[in-house]
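Novice: Here is what each chain is made of, one letter per residue.
Number of protein chains: 2
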Amino acid sequence: MPDGEDALTTLVGLVREDLEVCNRTIVANMDSPVALIPQLAAHIVAAGGKRLRPLLTLAAARMCGYAGGVRHVNLAACVEFIHTATLLHDDVVDESALRRGLASANAVFGNKASVLVGDFLFARAFELMVADGSLKVLGILSRASATISEGEVLQLVTQNDLSTSEERYLDVIRGKTAALFAAACQIGAVVADRPLSEEMALAEYGMNIGIAFQLVDDALDYAADQAQLGKTVGDDFREGKITLPVLVAYTQGTAEERSFWQRTIEECQQTEADLSHAMDLMAHHNAIRITLDRAAHLAAEAQAKLSLFPDSPFKTSLMAVADYTVSRVR
Amino acid sequence: MPDGEDALTTLVGLVREDLEVCNRTIVANMDSPVALIPQLAAHIVAAGGKRLRPLLTLAAARMCGYAGGVRHVNLAACVEFIHTATLLHDDVVDESALRRGLASANAVFGNKASVLVGDFLFARAFELMVADGSLKVLGILSRASATISEGEVLQLVTQNDLSTSEERYLDVIRGKTAALFAAACQIGAVVADRPLSEEMALAEYGMNIGIAFQLVDDALDYAADQAQLGKTVGDDFREGKITLPVLVAYTQGTAEERSFWQRTIEECQQTEADLSHAMDLMAHHNAIRITLDRAAHLAAEAQAKLSLFPDSPFKTSLMAVADYTVSRVR
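Order-wise, the sequence lines are chains A and B.
Each residue of the first sequence is one higher than the one before, counting from 0 in numbering that gives the first Met the number 0.
Each residue of the second sequence is one higher than the one before, counting from 0 in numbering that gives the first Met the number 0.
These are calculated hints, taken from the structure and not from any lab test.
Same chains, same names: a pair is fine if it fits in one copy or spans any two.
Result set (SDA-like, lysine to any residue): computed pairs, CA atoms no more than 25 Å apart in a straight line: (1) K240 with S31; (2) K240 with Q38; (3) K240 with P37; (4) K240 with P32; (5) K135 with G68; (6) K240 with L35; (7) K240 with E265; (8) K240 with A34; (9) K314 with L51; (10) K240 with G109; (11) K240 with D279; (12) K135 with S31; (13) K135 with V69; (14) K240 with E165; (15) K135 with D192; (16) K135 with R70; (17) K49 with T9; (18) K135 with N73; (19) K240 with A295; (20) K135 with A191; (21) K240 with N110; (22) K49 with V11; (23) K49 with T8.
Go ahead and model the full structure; you've got the sequences and the hints to work with.
Specialist: This is the structure we're talking about:
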């Protein structure tokens, strides 16, 4: 187990009961008279994953002193449903062969079912929010949902385009990944009825660890041990996805190296040996190190945002989660 | 222009100003810094279509005496966004070659962009509802959205399955089509703050014309003049979709006819001449007539639901819209 997993284990221990209720809420709410819906949803929701986003909602709510109800649990389930819907739609889109080490839902059930069950989970998340009754929460999560799709479309537009700036790449990951982390944390303060300053601090904490998380994910795509992480190394490379490791290696590369990146990323003309050569070029230009340093810096910024909260085991745990986001790779 | 179009023309005339504001609201709200989003959305939203669903919201609100605001206009835009999102996701799924006579969005922009822009419009619809501020409306439209995806998944499950019962087929079209018609009408009563009895009457009116509308659509797939309707005749047949015309012809067919349907619909083994033979079998068994009669009956039931509203030009127009849903084919 990498060091970082300790942080997540501690957090899970702290909110164990909440998380169990949350898991039951998730399973109960993905039910439908149309049997394929819970079947397909179970494939991706119930099969697990780390529940990182709902854990953030639970821990943030508890750190803010929320007690005496299950609003945080219900909203944590909404966050997980929105996340799952985006995974299902992303799988359709990217034809990912692996997701959490299992065959992706669309490989098993088909694209059509994955799109529609994603839509169902998204709608169901909004039904749960309506039952919760907070227009403020509805506003935060509907805005986050729109931002996620904007980030995903921007990623599509920048794909295979090496002229993409770092700023634009950061816009992509702020949208596709960090917006939901930010919203998940923010609503913890909302259910606890905390002042706007605490809401914003938690949103910024979430935004920073979300960006860090995605930077590390993008680094892992060129560095991970496939068996250990259940993720296919080189997915991003094969799709010509523009990520920070690629941008660093490309902008710092020689003319010859640049034509390598143009052929492989822009034209998607790839041979067997190209991924390994790409990894060598990244090592030469410290591209993975630079990406991970950037993530570590953001994790530290995230931790600083929590300074206005009094010490508590929940705060300690959220501090550790920031470290976890960057310690997934060594 | 078929007779039925008159009803729609009259309705459009009655709510012309509302509809113009609604169209501007639609265009303004599909904007995004990510340029592909308004581009793709414009292809399907701004290109037109009849705006039947938002027209229902506008007319229902006006019939209920709503005045002095633009809530009905904003919510009509939400309804159109949800409808457009389902069209975009349905196109991805069905690989439809034609949609309103134009190349479908996914043929032009790709499946991936269509899924993501659909997600954006769906999220944006919820943002608009949050700005409107009615939890009741949010509840109605989030429930309708979940029901739509359940109907679409059920359609997927029943595809190519001739043992599908009529009741199950009706479940499909209640979900995929009629639920949004019902919600679109119901929220007209909600913004006008009318009693539950009127809300329910409008929901039932919408449900009935929605089912009628889809029955006619399913009939048109075996009867329409392709050039006139901008719809490819035989799409449903080629996909092996289970619709009432098929179920009537199949259940009333001889053993030989049944094996024809099994080969073409269940096994999707089709030759050039099969569509024409299918249409002959339907004519022989009055399958189109039976389908349209069922639709006409539902349109009459829809009209009866409006009896508790006092006479007004809006009521007259909604009565005529019920006729329109079944007069699209001659």
